[in-house]
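*Asks:* Using UniProt numbering, read the sequence shown as starting at 1 and increasing by one per residue.
No wet-lab data here; the hints were simulated from the structure.
It is possible that part of the hints are untrue.
In the SDA-like style, the derived pairs of lysine to any residue whose C-alpha atoms are separated by at most 20 Å in a straight line are [said to hold, decoys possible]:
| no. | residue 1 | residue 2 |
| --- | --- | --- |
| 1 | Lys237 | Gly194 |
| 2 | Lys189 | Ala241 |
| 3 | Lys237 | Gly199 |
| 4 | Lys189 | Gly207 |
| 5 | Lys237 | Asn184 |
| 6 | Lys189 | Phe204 |
| 7 | Lys237 | Thr269 |
| 8 | Lys189 | Leu231 |
| 9 | Lys237 | Gly256 |
| 10 | Lys189 | Arg271 |
| 11 | Lys237 | Pro185 |
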Amino acid sequence: MDGTSAAVAGGVLGDGLPQVLHGQPGAVLLVRVEDATVLFANPLAEQLAPGVRLPCPIDEWSRRAGLQSSDGDDISDPANDASPLSRIAHGEPVHGERVTAARSSDMSHEREALWVIGLPLTDAPVDALTSLALVALLPLRETGMVHDAQQSAERLHSRAVLASDLSFTISDPTQPDNPLVWVNPAFEKVTGYGREVLGSNCRFLQGPETDREAVRRIRTALQTGDTVTELLLNYRKDGTAFWNEVVISPVRDADGHVTHFVGVQSDVTLRVQAERERDEALAVARDVRRRLEFLSGVTDQLSQVLDPDAAQDLLPSLVVPEFAEWAFATLLDTTGRTRHIRASHANPDRAGDAARFQELRDGLADDSISMRVLRGDLGPTLVSIEDDHAETVTTTRETADVLRRLGLGSAVVVPLRARGAVTGSLTLLSGPDRPPFTVDDLATATDLGARAGLALENARLYAQQRTSSETLQRSLLTPPTPSPGLSIATRYHPAAEAAQVGGDWYDAFTQPDGSTVVVIGDVMGHDVLAAAAMGQLRTLVRALAYDRSAQPAEVVRRLDELLEGLGVTTLATAVVLQVDAGPGPRRVRWCTAGHLPPVVVGPGGEVRVLQGEGIVLGLGSGQQRDQHEDTLDPGALLLLYTDGLVERRDRPMEDRLAELRSVVGDLAGLDVEDVSDALLERMLPEGSDDDVATVAVRVG
1 MDGTSAAVAG GVLGDGLPQV LHGQPGAVLL VRVEDATVLF ANPLAEQLAP GVRLPCPIDE
61 WSRRAGLQSS DGDDISDPAN DASPLSRIAH GEPVHGERVT AARSSDMSHE REALWVIGLP
121 LTDAPVDALT SLALVALLPL RETGMVHDAQ QSAERLHSRA VLASDLSFTI SDPTQPDNPL
181 VWVNPAFEKV TGYGREVLGS NCRFLQGPET DREAVRRIRT ALQTGDTVTE LLLNYRKDGT
241 AFWNEVVISP VRDADGHVTH FVGVQSDVTL RVQAERERDE ALAVARDVRR RLEFLSGVTD
301 QLSQVLDPDA AQDLLPSLVV PEFAEWAFAT LLDTTGRTRH IRASHANPDR AGDAARFQEL
361 RDGLADDSIS MRVLRGDLGP TLVSIEDDHA ETVTTTRETA DVLRRLGLGS AVVVPLRARG
421 AVTGSLTLLS GPDRPPFTVD DLATATDLGA RAGLALENAR LYAQQRTSSE TLQRSLLTPP
481 TPSPGLSIAT RYHPAAEAAQ VGGDWYDAFT QPDGSTVVVI GDVMGHDVLA AAAMGQLRTL
541 VRALAYDRSA QPAEVVRRLD ELLEGLGVTT LATAVVLQVD AGPGPRRVRW CTAGHLPPVV
601 VGPGGEVRVL QGEGIVLGLG SGQQRDQHED TLDPGALLLL YTDGLVERRD RPMEDRLAEL
661 RSVVGDLAGL DVEDVSDALL ERMLPEGSDD DVATVAVRVG
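Generate the whole structure from the sequences, applying the supplied hints.
*Replies:* Okay, structure coming up:
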């Protein structure tokens, strides 16, 4: 083979064969050439040809192993001079041929593919070996790959290259220190060591980074006479390291005594490097995914908390123990003073120290990293804080002592930033028992600070908007006007999970003739327009009812006309109710415009509803508006309410209305203020998704 062909073959096959054979022990024979007799075999060779006693003719061993050529010919026939074992027995080297062996299994008739290599030991310095040939039958892991390799080799008129990466060694355990007694040329090619190492134990291949545990496992296998496979970092003669995949098999004589160890070695550095690069890439991908999942989880949990103080309290607990041993969030007020510190520790035994650290909110020094980041003097920072630095970052000895108990070590401090402004800082500490934070951790914490800062700012804006909404809503709902002989209590309960202004309203006032008007209503929608419309409707109803002491049906009819005439397109439900002046039983009149019926509990405890029908407000004038009348005896309780009190997604309206009547009946003996509070607690123990307005009236 010329130099070009050898180079091509090496490029095509040199890396391929170790991938086919790596990590798998093979059957090893030592054959006496002069009479083609198998003298020694390793345990796998004994398993391949069961029942054969050594010494035996090689054709007998082949027959018992059921060896066939790749074409299916029986290669145990001594007349078959083309068989690889026959050629090896006659002292001819075989650099690699594919054969198959019978497999003694009831589960499958598939044959075992083997790769045969035969090496005469005529160059061995030990006389006992010069008359022998080494035969290795190696199991094939990827038969298709071997077929391609063999075809390529045949095109290049040589198969020698197929074994070029496999170095063989023979050691003699009967001699002190189990020295090498033979190595093939490939061993020198792989390691740089030649025949000068014969007589020495192969530990000369070891170096500073060789895995001592793997060496121990090899030593144990040699002592017990077992086959062993290991991947070792070995060192060539020139000092360069390489990954050596070695399979060492004991070779026994007819009495079962170990006479030699045969080692098959392969330089698998490229494969190991590729596997490590793959593992490193997978590890990076897993780490990135884990960090993204962590950030997403923290963001999701913070976004669900709409109270800013609760969100600030929650933030440190979301980063321990997954990211830090303990952490604290710091915020400033408008004057630049620390107004809020919340801390959380992974160790429950340190909860008391974390709580005390929160109380010592002025304990951080102005030039501490946390405060400098908080003021915007520093960006995201990674530092190491030792115990003797505790005093330099605190203003009191107690704060320094608390810091030491909580644990220092590596720290990451990042700003909590929202809409271009720093609103706080988050400090994370690894503690003394965790690895220090890395630059990647700093990047993750910086991203976390941006996400958390925005979530906290959203919670603050939500609370601000909610407060403004409630203030506006309540400003439009004035207290009821006192009415002689009547006790009136009103309640407005905003939605639990909405910051928008609602359209629910109530009213109670006295007409010039002494009658009392009670109104409950609900404008459709939850926004500023709904609130504005609610204010308009409430004012119009007041004006219409007060003028001429108008009765309910008249009020509602004239309201339809006004809404149409003024071009107001708002839709609303309402009940306008009028109670005559007392004393004694009170005449009550009402008109319903698409609203739920009021509930009455008589002095004897009987519960009834003030039924009535009527289309919603805002659909134009000319609507049928019916007025109804009834009597309220002294002691009777009257309740008007909006639909937020009874509507539930998981319950039919009929069931909730029945529940309301039952609850009002139970509470009828309380005064109207207590009735109003207890009613909300009983009907809405978990709050409401809608605004709720109620008016409770007791007849004296």
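*Asks:* Give me the numbers of the hints this structure contradicts, sorted from smallest to largest.
*Replies:* The structure conflicts with hint 9 only, although it agrees with all the remaining ones.
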